[in-house]
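Those sequence lines, one after another, are chains A and B. Heads up, the first sequence is in our numbering, so the first residue is 1 and it goes up one at a time. Heads up, the second sequence is in our numbering, so the first residue is 1001 and it goes up one at a time.
One thing to keep in mind: the hints can contain errors.
What the hints assert, rightly or not - Covered by chain A, per the in silico footprint, the following chain B stretches (three or more residues, Cβ under 8 Å):
id	segment
1	1061-1071
2	1144-1150
3	1172-1184
4	1197-1206
I should point out that these hints are in silico values taken from the structure, not numbers from a laboratory. Glycine included, each C-beta is placed from N, C-alpha and C at the ideal position.
2 protein chains.
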Amino acid sequence: MIQKNKLLNFEGTVIYQNDEWFKFSLDSVLLANFVTLRLSDKKIMDLCTGNAPIPMLLSYKTKACIYGIELQKEIFDLGMKSIIDSNMSGRITLINDNIKNVYSKFSSDMFDVVLCNPPYFKVNDNSYLTENKIKCIARHEIEVLLDDVFAASRYLLRNGGTFAMVHRPDRFVEIIDKMRKYGLEPKKVQFVYPKSDLAANMLLIEGVKNGKGGLKVLPPLVVHNNDGSYKDYIKNYFQN
Amino acid sequence: MIQKNKLLNFEGTVIYQNDEWFKFSLDSVLLANFVTLRLSDKKIMDLCTGNAPIPMLLSYKTKACIYGIELQKEIFDLGMKSIIDSNMSGRITLINDNIKNVYSKFSSDMFDVVLCNPPYFKVNDNSYLTENKIKCIARHEIEVLLDDVFAASRYLLRNGGTFAMVHRPDRFVEIIDKMRKYGLEPKKVQFVYPKSDLAANMLLIEGVKNGKGGLKVLPPLVVHNNDGSYKDYIKNYFQN
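With these hints in hand, go ahead and build the complete structure from the sequences.
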């Protein structure tokens, strides 16, 4: 069923989601807070935007035009509904398509920033068994592969433009490898640890198109206190 | 001048060092605690061993024969003196040579574990100006490059053997790249943060010769409390 959630603590913002399909989660919130924005940014693209939490969060942090692409019609519709109800349609443009089709929809080298919270998991024999189709496509590399994300980002970004992504640490070596292959030089990375004594379960990475080497590893982002409550700086991400 | 330091809290262990040349530091202690050892390990090699802190620390954790190679005669001599005074010459063998010469000194595929705390810095025009020659060679890639470390490690390690290194995060992308090139697949990495709100200034990385992909990012290693004192788990590294 469709739920209407008040998104974070921003007045007038609603987000529609469907628990059976896809929920926006901490990943998107962290990515929106991680990415480097500039006052001069004119165009921002969010690939695999889901129900558009990243464009909505970014709309409070930038005056740039924000675009989002989502393949799945059901999830795209939720995003559109959220944007209309939040009166953000003047700021955010959603497109219902596969990111493999950006080449015909957009000119190259036009975007200052490209973000992505892609499907995390490689497809295996069990991928289809445990989840419904919509959730499965959102979470597994069925329609969109890492290579597609990097290729589209390279095409869309201007020289010196910023690419930012959230993903899982077990794919880190592959991510580094492929970002460089596509000329998106890794510049900063932040590892997200559920608790201070647990292995990282998420990573935030930013690269610059045709940038120079030299990676900075930002301070650890620990999500929970030992008692399970959110750290104060995580709580602050949910407030205006 | 030569100082005689009691190394950590192990009875009977002394380490000789010279403040003007080279001091063993937290890096070596962290690497010795990070590396995965097995009961079945027979031979361990420490490349760029300096005054041999890593072999001495490992001697408490393994029954394997431990080898160390150090290029600089002055630092090698300190290591030998430490090992003799600590009655460890039956456990540790030091060699005064460049790691580029392991090919003539050792058969291939003989070691279960190879470690390295290499020179961290690329040579630039200022490298020679700020430091004396001995310290300079210990800290800069003058005699030993990353490629030399990986090539020697690949040669020495048996199939499935463990490579472990401490280095700096700004070289991380290059390290990942080259480890894979030399067939030392990265398996676990731990970032070391001076304080919980500061960027990482060290990384510990372990790979397996001809291993499969899949990287684990271990919990953050934060060295100091906010008041500047060492974290308790760091203090424990200095005790038996």
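Original post:
Which hints from the list above does the structure break, by number from lowest to highest?
Top reply: The structure conflicts with hints 1, 2, although it agrees with all the remaining ones.
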